[in-house]
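S.K.: Sequence:
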Amino acid sequence: MTAPIQLSAGGSLYERIGPEALAALVTRFYALVAQDPDLSPIFPADLTLTAQKQLAFLTGFLGGPPLYHQNYGPPRLRARHLPHAITPTRGRAWLSCMENALQDTPQIGGAEAQELHAALARVAAHMVNTPDDDATLDGKVGQLLSID
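When we follow our numbering, the leftmost residue of the sequence shown carries the number 8, and every step to the right adds one.
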């Protein structure tokens with residue numbers, strides 16, 4: 008789930024979107040996450056490092072330089088998210104925040120927005136690790152595992 012998405016005409020999705028637009032998307036996304044009642048409990052109060060890591064990951068995932076790998080090692084997305092109860096509800100909330108961030112980032116439009124949304128929808132589905140009715144486990148797994 009961490010291989011760069013396939014190239015379309017005109018270069019990688021990262022090249023077509025550009026680093027500035029991707030940074031704007033991530034900034035807007037985390038502003039929305041901080042306000043989301045389903046997501047904010049599983050994120051740190053200070054989202055600065057989280058946003059930096061997300062930007063580094065997306066840069067490589069979309070075909071740009073492998074910044075996440077260079078700075079933090081292999082992404083291991085599922086393993087890094089195991090300490091948190093990622094329910095279907097939270098997966099949908101995450102994707103909704105990303106959809107809203109995409110709409111609020113006019114530099115990313117048309118085919119690029121659709122392609123990015125499709126790729127991130129797959130990531131959101133892949134991250135789900137807990138049924139909705141087991142969300143009370145959140146934090147308990149994180150106390151047992153120290154991943155990141």
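Calculated directly from the structure, the hints in this document are not laboratory data.
Even for Gly, the Cβ is constructed at its ideal location relative to N, Cα and C.
It cannot be assumed that every hint is accurate.
[What the hints assert, rightly or not] Derived DEER-like restraints, expressed as beta-carbon distance ranges:
| no. | residue 1 | residue 2 | range |
| --- | --- | --- | --- |
| 1 | Asp43 | Gly17 | 18 to 24 Å |
| 2 | Gly17 | Thr96 | 35 to 41 Å |
| 3 | Pro138 | Gly116 | 34 to 40 Å |
| 4 | Ser19 | Ala52 | 29 to 35 Å |
S.K.: Which earlier hints turn out false for this structure, listed by number in ascending order?
M.R.: 1
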